[in-house]
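Undergrad: Residues per chain, in single letters:
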Amino acid sequence: MERISTHQFMILGAAVLMGTTFFPVAAMVTGVGGRDGWMSILPGYAAGIPYGLMVLSLVERYPHKNLLQISETLFGKWIGKIIGILYILITGYFGGLLLGQIGDVFQSSIMPITPISLFYLGGLLLIFYLVSSGIEVFARFSEAIFPIIVIALVLNAGLAIPRIEQGELLPILSEGFKPLFWGGVKVLPFAMEYILFLAGILTFLPTSKQELGQLKTGVWRAVFLVGILDTMVALIQILVFGPTETIRLVYGLLVLGKMVELSRTVSGVESIFLGVWLGAGVIKSGAFFFTSTWGLETVFGLKGLKWNLALGVVFMGIALGFTRSINLVMEISLVDNYLILPFTSVWILTLWGVSRWKKGAGVQ
Amino acid sequence: MKRTNIGLALILILCSLLLTGCWGKREVEELAPLIAIGFDLGQKPGTYLITKQFVSPKKGESTNVTDVDRTFSVEVSSPREAYEKMSKLLNLIPFRGSLKVIVIGEDVAKAGFLDLLDLEQRFGEFRRMTYLVLTKGKAQSILTMKMRAGTLPGMYIKDNLETGGTVSTFPLVRLGHYLTVLSRKSTAPIIPLVKSVKPGDEGIEYKAGGKDGGEELQLEGAGVFRGDRLVDFLTDKETKGYMWLDNDIEQRSISTVDIEESKVNFVGQVLKSTTKYKVPDQDGTIGIQYQIEASVAVEEVTGQKEQLSVTEWADLMKGAEGSFAKAIQKECELSIKKERELSLDFLGIGRHIEQKNPAYWKTVKDQWEQKIADFPVSLNVQVKIDTSGMSSSSATTN
Chain S
1155 MERISTHQFM
1165 ILGAAVLMGT
1175 TFFPVAAMVT
1185 GVGGRDGWMS
1195 ILPGYAAGIP
1205 YGLMVLSLVE
1215 RYPHKNLLQI
1225 SETLFGKWIG
1235 KIIGILYILI
1245 TGYFGGLLLG
1255 QIGDVFQSSI
1265 MPITPISLFY
1275 LGGLLLIFYL
1285 VSSGIEVFAR
1295 FSEAIFPIIV
1305 IALVLNAGLA
1315 IPRIEQGELL
1325 PILSEGFKPL
1335 FWGGVKVLPF
1345 AMEYILFLAG
1355 ILTFLPTSKQ
1365 ELGQLKTGVW
1375 RAVFLVGILD
1385 TMVALIQILV
1395 FGPTETIRLV
1405 YGLLVLGKMV
1415 ELSRTVSGVE
1425 SIFLGVWLGA
1435 GVIKSGAFFF
1445 TSTWGLETVF
1455 GLKGLKWNLA
1465 LGVVFMGIAL
1475 GFTRSINLVM
1485 EISLVDNYLI
1495 LPFTSVWILT
1505 LWGVSRWKKG
1515 AGVQ
Chain X
196 MKRTNIGLAL
206 ILILCSLLLT
216 GCWGKREVEE
226 LAPLIAIGFD
236 LGQKPGTYLI
246 TKQFVSPKKG
256 ESTNVTDVDR
266 TFSVEVSSPR
276 EAYEKMSKLL
286 NLIPFRGSLK
296 VIVIGEDVAK
306 AGFLDLLDLE
316 QRFGEFRRMT
326 YLVLTKGKAQ
336 SILTMKMRAG
346 TLPGMYIKDN
356 LETGGTVSTF
366 PLVRLGHYLT
376 VLSRKSTAPI
386 IPLVKSVKPG
396 DEGIEYKAGG
406 KDGGEELQLE
416 GAGVFRGDRL
426 VDFLTDKETK
436 GYMWLDNDIE
446 QRSISTVDIE
456 ESKVNFVGQV
466 LKSTTKYKVP
476 DQDGTIGIQY
486 QIEASVAVEE
496 VTGQKEQLSV
506 TEWADLMKGA
516 EGSFAKAIQK
526 ECELSIKKER
536 ELSLDFLGIG
546 RHIEQKNPAY
556 WKTVKDQWEQ
566 KIADFPVSLN
576 VQVKIDTSGM
586 SSSSATTN
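Which chain is which? The protein sequence lines are S and X, in order. Going by our numbering, the first sequence opens with residue 1155, and the numbers climb by one from there. Going by our numbering, the second sequence opens with residue 196, and the numbers climb by one from there.
Keep in mind that the hints were calculated from the coordinates and are not lab data. Cβ atoms here follow ideal geometry from the backbone N, Cα and C, with glycine treated the same way. Among the hints, erroneous ones may be present.
[Stated by the list, open to error] In silico lysine to any residue, SDA-like type, Cα no more than 20 Å apart, as pairs:
id : chain 1 : residue 1 : chain 2 : residue 2
1  : X       : K557      : S       : L1327
2  : S       : K1460     : S       : L1243
3  : X       : K560      : S       : S1328
4  : X       : K380      : S       : K1460
5  : X       : K380      : S       : T1398
6  : X       : K551      : S       : K1460
7  : S       : K1512     : S       : E1214
8  : X       : K551      : S       : Q1320
9  : X       : K557      : S       : V1186
[To be verified] Have a look at the derived ranges for each label pair, beta carbon to beta carbon:
id : chain 1 : residue 1 : chain 2 : residue 2 : range
10 : S       : T1419     : X       : S573      : 42 to 52 Å
11 : S       : V1508     : X       : A204      : 44 to 54 Å
12 : S       : I1426     : X       : L367      : 24 to 34 Å
[To be verified] Under 8 Å between C-beta atoms, here's a sample of chain X residues computed to sit facing chain S:
id : residue
13 : G202
14 : A204
15 : G319
16 : R323
17 : L374
18 : T375
19 : N442
20 : T470
21 : Q550
Please model the complete structure; the sequences and the hints are all you need to start from.
TA: The structure is reproduced here in structure tokens:
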């Protein structure tokens, strides 16, 4: 059985949690929270920490089992299977949509004439290679790519500082705290996506007491790192574009990249950033490819190259079904808000509650 | 392991073959970079006269664009249609990512031009860094002008705008900035004004070059908009006042001539300026209070006929600080007066109030344009003379 280290768990978790959230996050939180929306990102992500800790607490009791297997143990075979099927459907569908987002980002920003299916195919080939190589390679890929993503984000935000408009951040909290709550709710599905991945990766985690403590710290670190980075991304967009324009721009970070000029001579650096964003998209979509394969294996016992290929075809089909940019953006938002958020929050909470109750009652 | 490596190699080969962007590839030699667009109203109702200026760098020359004749005007119903028509005229592929300047003609500015900008802010090839300028008369006549130096008008405007910080007499408005200001609702956007200057205009003399003459362009003044519709023009002095109040001064020259009746006058270079504001509540009356602090280097002292001692020179410089402050105040007051006359908040006072006193702003924002006319505005200008140059007195005739 493959294992990943606690450090790999932290970096992989952060990479999956971040994914391509830096593209929509500013418009999402500003849409509901106005110019204060950026403040809701970190609390929104932080709300995922208790869920992460709940999942890890189940590892202590049921080592080397993923949450689908634990669900079968705690809820019984059939309810467990139903949960497993839902898990496969949601993660598979969402992973396909994220593959579509890879193509959409490239086509709408720098390569409008290249057929979108080629971006899907390119992304899928990388994902397929990573999935075939196993979780350890996927974790190492994240260890290599994630720092570059972070550097690119910080550079993009830093180089946009000369474009900041006067006073766009003010007034602060003029509408009170209520908009922040709604902003946090918008971010919560991102944390739940991470929890879905966590639910499947449990079997690959070390289970000693010391390492469990490190895993819990890893959850904290990943959440805060990504929360701070996304906050920075939203903040710089509000500062440069103002809140109304931030909401209006579909991929504000790409527009920001296009505004970077170095000494009035170097521009067009957004293409470099886009290369990095491809890595982020591949990690996120790849993570959901993994979750789907874990689900298929746990629920139906289906595994191997044949089923991975079939899943790849499904991913490609989903992406091709959403070649209209606006439809894709809407669909991702719908899946996030109305499938991933309710399913994950209810499932994990119930599972953890039942586990605690059974432990208290002495039931195995 | 070997199988994995082969797999990796195959995937990399496939990726490099499939993701090269060959579908959209355009060789540099095949491109005609677009540097300026001009928008005017067309003769037929519902049409626009769109002028586009392309450059064709000559092979072997690393700098200076020499082909001036690649400027076309077409009458169309949309900018996208203009692209198609111009593609038929050009033997190269128009490349729009290089657009530097958009010149808005007076007629289209009065009718509203936001729809014309939609392509520039929507299509991924364009950048929000493009400059916007306004002109009295036709944008076409600006972009088809023959410049004395042989420069293309589009490049000239861009270069002039980018060096504008050394005089700080007109605002620098990029497409992104305009859209952000537009989204604030309460603030009226302003756009700098470009005009052609013929020999003899406004006391400017120059020798027109070549057989075809050749003219010069000047950036001076600005236009005030309600949304995307031009309402009025600001004079040079009013624009300078805006620059002070908007905290946009990098460096500029300031003179005390005509400020007060004095035999001695000063001309100085503003080295640094900061404008801050407060929104104080004085006995229930909310107003805005500007605080301008400027550091000046005195560069000319005229009318000083007597040799002064060091102490007397120090007193004279102290007096000069007050005179410079009055000169700055006068420009600001002209700008505030214009804002009140127009009942349009191009100074962004509404946004300042919203920033400092959001609760009060909520009570006035719906009637803001009516409120501007008599909204209390006060100024406090402080000038500090950092240096008076290499001489502590003036040369005298005695």
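Undergrad: Hints first: check each against the structure and report whether it holds.
TA: We went through each hint and held it up to the structure:
A distance of roughly 14 Å separates the Cα atoms of K557 (chain X) and L1327 (chain S); the hinted pair therefore holds under the 20 Å criterion. Proximity of K1460 (chain S) to L1243 (chain S) is assessed by CA-CA distance (about 18 Å); at most 20 Å being required, the pair is judged to hold. Our distance criterion of 20 Å between C-alpha atoms is met by K560 (chain X) and S1328 (chain S), whose separation comes to about 14 Å. A hinted pair counts as satisfied when its Cα atoms are at most 20 Å apart, and K380 (chain X) with K1460 (chain S) does not qualify at roughly 58 Å.
Distance hint between K380 (chain X) and T1398 (chain S) is fulfilled; the C-alpha atoms sit about 10 Å from each other, no more than 20 Å. For the hint pairing K551 (chain X) with K1460 (chain S), the CA-to-CA distance comes to about 64 Å; that exceeds 20 Å, so the pair is violated. With a C-alpha separation of about 14 Å, the suggested pair K1512 (chain S) and E1214 (chain S) falls inside the 20 Å cut-off, and the hint holds. Between the alpha carbons of K551 (chain X) and Q1320 (chain S) the distance comes to roughly 13 Å, so the proposed pair stays at or under 20 Å and holds.
With a CA separation close to 19 Å, the supplied pair K557 (chain X) and V1186 (chain S) stays within the 20 Å bound. Range check, T1419 (chain S) to S573 (chain X): about 43 Å between beta-carbon atoms, so the 42 to 52 Å window is met. A hinted range of 44 to 54 Å holds for the C-beta pair V1508 (chain S) and A204 (chain X), which are about 49 Å apart. Look at I1426 (chain S) against L367 (chain X): about 27 Å separates their beta carbons, and that is inside 24 to 34 Å.
Nearest Cβ of chain S to the Cβ of G202 (chain X): about 6 Å, under the 8 Å cut. The hint holds. Annotation: A204 (chain X) was flagged as interfacial toward chain S, and the flag is violated, the nearest CB pair being 11 Å apart, outside 8 Å. Interface hint at G319 (chain X): satisfied, since its Cβ lies 5 Å from the closest Cβ of chain S, which is below the 8 Å cut-off. For R323 (chain X), the interface hint holds, the least distance from its beta-carbon to any beta-carbon of chain S being 6 Å, beneath 8 Å.
Residue-level restraint check for L374 (chain X) holds (minimum Cβ-Cβ distance to chain S is 6 Å; threshold 8 Å). Among the interface hints, the one on T375 (chain X) holds; its C-beta lies about 4 Å from the nearest C-beta in chain S, closer than the 8 Å criterion. Contact between N442 (chain X) and chain S, as hinted, is supported at the beta carbon level, the nearest pair being about 7 Å apart and thus within 8 Å. Annotation: interface hint on T470 (chain X) violated; nearest CB of chain S at approximately 10 Å, more than 8 Å.
For the restraint placing Q550 (chain X) at the interface with chain S, the shortest Cβ-Cβ distance is roughly 4 Å, inside the 8 Å limit, so the hint holds.
Of the numbered hints stated above, those contradicted by the structure are hints 4, 6, 14, 20, listed in ascending order.
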